[in-house]
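J.: Sequence:
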Amino acid sequence: MGKLDDYRRKWSWLDHLIRAGDAFSERYGNQFAAAITYFSVLSLFPLLMIAFAVAGFVLQAQPELLTELKNGISEAVPGSLGTTINDVVTTALQSKSTVGVIGLLAALYSGIGWMSNLRDALTAQWGQKGGQQPLIPTLFKDLVALLSLGVALVVSFGLTAAGTGLANLLLELVGLREVGWARFLLFVATLALSIIANWLVFLWVLTRLPREKVDVRSAVKGALAAAIGFEILKQVGAIYLTTVTNSPTGALFGPVIGLLVFANLVARFLLFITAWTATAKVSDRPDTARSTQSAQDPSPQESPQARPDASTAAESARSGTRGS
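Numbering (my numbering), first residue to last: 1091 to 1414.
Derived by calculation from the structure, the hints in this document are not laboratory data. Glycine is no exception: its CB is placed at the ideal position from the N, C-alpha and C atoms. Please note: incorrect hints may appear among the correct ones.
Result set (PhoX-like, lysine-lysine): computed pairs, CA atoms no more than 20 Å apart in a straight line [said to hold, decoys possible]:
#, residue 1, residue 2
1, Lys-1303, Lys-1219
2, Lys-1231, Lys-1219
3, Lys-1231, Lys-1303
Pair ranges (Cβ atoms, derived) [unchecked claim]:
#, residue 1, residue 2, range
4, Arg-1273, Glu-1321, 47 to 55 Å
5, Glu-1321, Thr-1173, 13 to 21 Å
6, Leu-1350, Val-1244, 22 to 30 Å
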């Protein structure tokens, strides 16, 4: 460990990464990611069905806007998984009049379960005091958070789709739509717009979804890292799904396997970024021993009860998974 300690003293970013990894593990990041993955798969399709059934009624006079929104969501996930989600959205739009109260209740149940686990996981990674909270107020807050996140995602996808559509229109007007360098600039602009939109969403997730609100300024870098990393994960996920679906088994189960793997990767990545952001305030200390002690003890943002509360929250997440 001597050389590692030397490297940690030499490179503060390495020390920060190691302490973030320690915090991620000690605060049950893997267990929370598994719970989030389970509820993500359980809630994704019902929520999409309900959301686009409602959007079908609201935007029935503007089909082009609805199409752009649908394309934006399907492009936000990698490879053939986007096609699967696109099929679900199309089905929801076609059967919007048949989506009833039972479908809405199922979507709310699974969605609130997903949001509850996500908020508990973020709370644990921030090292905040958790503990038991009143059931009804907690469910109401989780519902509000779920609806708020839905609005944030719709705005994000809408801005990205609108920006891309406007850029394509401008290129067509000036006669540069098929020019190579113009297409490259359009790709760069679209990527930058997507990262900015994702950055705003992740900034909101990191600071407003934990049970205790976090100062926005402390999460700016973490949200940017999450936005860039998410774009990389999408590209890696597309390559993985292409490889998986080439096999006979993958052709049958590829979309489901892809959804599980992608959801788990995103959940782990988000929780690690949260741990990295939460440990950033002590990342510049040159003394490795002091940094190591900080990884073992609660940080200035943590209360002494943070670890037991993280354990309790993780047990709650596992219980919620078993109960479903």
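J.: Indicate, hint by hint, whether the structure satisfies it.
T.: Evaluated hints:
{"no.": "1", "hint": "Lys-1303 with Lys-1219", "result": "holds (12 Å)"}
{"no.": "2", "hint": "Lys-1231 with Lys-1219", "result": "holds (17 Å)"}
{"no.": "3", "hint": "Lys-1231 with Lys-1303", "result": "holds (13 Å)"}
{"no.": "4", "hint": "Arg-1273 with Glu-1321: 47 to 55 Å", "result": "violated (19 Å)"}
{"no.": "5", "hint": "Glu-1321 with Thr-1173: 13 to 21 Å", "result": "holds (19 Å)"}
{"no.": "6", "hint": "Leu-1350 with Val-1244: 22 to 30 Å", "result": "holds (25 Å)"}
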